[in-house]
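Protein chains: 2
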Amino acid sequence: MEPQKYDMLKLENQLCFPLYAAAREVTKRYRPFLDDLNLTYTQYITMMVIWECGECSVKALGEKLYLDSGTLTPVVKSLEQKGYVRRFRSTEDERVLLVSITDEGRALRDKATAVPMQVGACIHLAPEEAVTLHRLLYKLLAEME
Amino acid sequence: MEPQKYDMLKLENQLCFPLYAAAREVTKRYRPFLDDLNLTYTQYITMMVIWECGECSVKALGEKLYLDSGTLTPVVKSLEQKGYVRRFRSTEDERVLLVSITDEGRALRDKATAVPMQVGACIHLAPEEAVTLHRLLYKLLAEME
DNA sequence: TATAATTAAATTGCACTCAATCAAAATCGC
DNA sequence: GCGATTTTGATTGAGTGCAATTTAATTATA
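Order-wise, the sequence lines are chains W and V.
The letter at position 85 of the first sequence is residue 85 when you use my numbering, and the numbering goes up by one with no holes.
The letter at position 87 of the second sequence is residue 87 when you use my numbering, and the numbering goes up by one with no holes.
It cannot be assumed that every hint is accurate.
For identical chains, the list gives no copy identity; a pair is met inside one copy or between any two copies.
[Stated by the list, open to error] Pairs of lysine-lysine residues, derived as BS3-like cross-links and limited to a Cα-Cα distance of at most 25 Å, are as follows:
no.	residue 1	residue 2
1	64	28
2	64	10
3	10	82
4	10	59
5	64	139
6	28	111
7	5	64
8	111	10
9	77	10
10	5	111
11	111	77
No lab work stands behind these hints: they were computed from the structure.
Nothing here was measured: the structure is a model prediction, and the numbers come from that model.
Between the sequences and the hints, there should be enough to build the whole structure, so can you do that?
Shown next as structure tokens:
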């Protein structure tokens, strides 16, 4: 018999592991669809914020995405290289780098509307389960602030 | 009014985003405790499998952790360098690399028993919510196989 | 108003994560 | 038995994540 003292050290008794594994598996499901848009997953969720706000600072991006400038700086630069966003300093506060959508970026949004449904089709959770999971994940995020 | 066609492209309407963000936030909570053990999060969950099985192949590790050899090869090598595991080829099948626990690795297990409780204290979910989240995450993982 | 403290990004370095490819070993089909 | 296929890990390269540090700009304070 396994001594009880080690029970908490089993993968399946943790919350962190299925969270970590499921996040990577779901992200992986995006790849084939995002390849068509020439976006990685991180670039995609960054575009989701910019599509919605039109223009925002790197700091605001980071707060919404839970990412810091170490991650975002290269992501935003690559989005600029692809022509989907512009980067420029705020004139009111030169420390702030603003990122704003371009016409090409706006056009990409129409191509991207299919992605959520395409990925959703790969994920067979009952609607009420998806809602519960969604709620609990946001609660978990809120509890950790 | 925002046109409805873009509603699915909002971060908060997706399951993937809170999953991705929560996984990273939870993993981050492990760092201070794992630093004491000189382990990264990936090294830690790898050790969790080896603590339980005593010895297993890289392939078996990968199936349990949802990781491939591109990730595991360097992780297992670094665990060997720290003295926690041994690596050797199976004599029955030379393709198979076996990873087995060392005395030092076993000793580390005792130090690690505190970690789940320490991290748990940072995550304020009601027990029944944690159980539901756990169940739904494993269901999601199973549905994606 | 100089100086100190704070803030926003960028940079650096390390450790993943994963797709794609490769090499060696084992198994399959005939 | 033997060539074709499959399997197991290792390697490579691109793209993150994140801690720590740096730089430039702004704000607070004596």
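Taking the hints in turn, this is what the structure says about them:
no.: 1; hint: 64 with 28; verdict: both (21 Å within a copy, 17 Å between copies)
no.: 2; hint: 64 with 10; verdict: between (33 Å within a copy, 11 Å between copies)
no.: 3; hint: 10 with 82; verdict: between (44 Å within a copy, 21 Å between copies)
no.: 4; hint: 10 with 59; verdict: between (38 Å within a copy, 19 Å between copies)
no.: 5; hint: 64 with 139; verdict: within (15 Å within a copy, 27 Å between copies)
no.: 6; hint: 28 with 111; verdict: within (19 Å within a copy, 34 Å between copies)
no.: 7; hint: 5 with 64; verdict: between (39 Å within a copy, 22 Å between copies)
no.: 8; hint: 111 with 10; verdict: between (43 Å within a copy, 15 Å between copies)
no.: 9; hint: 77 with 10; verdict: between (41 Å within a copy, 22 Å between copies)
no.: 10; hint: 5 with 111; verdict: between (53 Å within a copy, 11 Å between copies)
no.: 11; hint: 111 with 77; verdict: within (21 Å within a copy, 43 Å between copies)
Taken one by one, the earlier hints all hold for this structure without exception.
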